[in-house]
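Engineer: Sequence:
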Amino acid sequence: MKNPYEILGLSEEASFDELQKRYEELKAEYGEGRFQPGEAGNEAARKLNELEQAWYDIQSKREAAEAKKESGGSDFAYVDKLIKEQKYDEAQTELDAMTVREGEWHYFQSIVYYKREWLTESKKQLEAAVECDPGNQKYKTALEKLNIVIGNAQTDPRTLGSDTIAGGDDPNLAAQQQGDFLSSCCLAYCLTSLCCDCTRCCM
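Numbering of the sequence shown is given in the working numbering, commencing with residue 1 and proceeding in unit increments.
I should point out that these hints are in silico values taken from the structure, not numbers from a laboratory. A portion of the hints provided could be inaccurate.
Stated by the list, open to error - Straight line, CA to CA, 20 Å or less: simulated PhoX-like cross-link-like pairs of lysine-lysine:
(1) K2 with K81
(2) K87 with K115
(3) K81 with K138
(4) K2 with K27
(5) K84 with K47
(6) K145 with K124
To be verified - Label-pair restraints from in silico Cβ distances:
(7) T141 with N49: 47 to 57 Å
(8) K140 with E25: 41 to 51 Å
(9) K21 with G135: 36 to 46 Å
(10) Q137 with E6: 42 to 52 Å
(11) T141 with F16: 37 to 47 Å
(12) A45 with D133: 46 to 56 Å
(13) G135 with N49: 49 to 59 Å
(14) E25 with G135: 32 to 42 Å
(15) E144 with R101: 34 to 44 Å
(16) E117 with S60: 40 to 50 Å
Everything numeric in this text was worked out from a predicted model, so none of it was measured. A virtual CB, placed ideally from N, CA and C, is assigned to each residue, including glycine.
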């Protein structure tokens with residue numbers, strides 16, 4: 001994959017205004033060129049698609065960098081911000097990019113799984129967090145509350161994995177199980193309480 005800045009012909013040190021100006025120039029050039037006959041038009045269309053992807057990548061990276069800066073520069077603070085904004089895919093991408101995976105990493109991974117209702121995986125990550133840092137009360141409390149959720153009489157933990165939460169082999173059974181899962185007042189309380197403790201905000 002080409003460096004998106006190279007596609008625009010500028011360096012990563014270029015200002016946003018410089019990048020945007022160059023993007024608009026190339027967009028106009030390729031947009032007009034794609035109507036040429038034969039291979040010339042095809043090449044212009046290919047370059048236009050390449051340009052649009054490069055511009056998207058540049059904007060995404062710069063927005064992520066700015067958001068991380070606003071959150072204090074901490075990777076986990078940025079992940080927490082994404083979770084609160086319900087941007088779970090982006091939060092997962094940030095976690096996947098981290099090479100050091102200690103207690104806090106497992107803790108935030110458990111929250112992402114939890115928000116997707118993958119409770120079995122969430123529990124495994126919380127157990128890993130506790131194992132990494134046995135004295136961390138935050139991890140232990142979250143695990144205790146999650147065990148209450150999973151231990152609810154109306155919920156079969158075996159049905160809550162990532163491979164079955166979307167419906168599994170029997171959509172009707174899955175729908176019934178999810179209906180039972182959400183109908184318990186006690187369970188609803190535990191879900192809310194756990195979310196609040198995990199991110200200090202009811203999301």
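Engineer: Taking the hints in turn, state whether each one holds.
Structural biologist: Hints and how they fare:
1. K2 with K81: Violated, at roughly 30 Å.
2. K87 with K115: Holds, at roughly 10 Å.
3. K81 with K138: Given that 20 Å is the threshold and the Cα spacing comes to 18 Å, the pair holds.
4. K2 with K27: 18 Å, holds
5. K84 with K47: Given pair K84, K47 is violated - Cα atoms ~37 Å apart, limit 20 Å.
6. K145 with K124: Answer holds: K145 to K124 is near 14 Å, not above 20 Å.
7. T141 with N49: 47 to 57 Å: Between T141 and N49, where Cβ atoms are some 50 Å apart, the hint holds.
8. K140 with E25: 41 to 51 Å: Given a distance of about 57 Å, which is not inside 41 to 51 Å, the answer is violated.
9. K21 with G135: 36 to 46 Å: 54 Å, violated
10. Q137 with E6: 42 to 52 Å: 49 Å, holds
11. T141 with F16: 37 to 47 Å: 43 Å, holds
12. A45 with D133: 46 to 56 Å: Hint holds: Cβ distance 54 Å, inside 46 to 56 Å.
13. G135 with N49: 49 to 59 Å: This hint holds: roughly 53 Å between Cβ atoms.
14. E25 with G135: 32 to 42 Å: This hint is violated: roughly 58 Å between Cβ atoms.
15. E144 with R101: 34 to 44 Å: 23 Å, violated
16. E117 with S60: 40 to 50 Å: Distance hint for E117, S60 is violated at roughly 27 Å.
Against the hints set out earlier in the document, violations occur for numbers 1, 5, 8, 9, 14, 15, 16.
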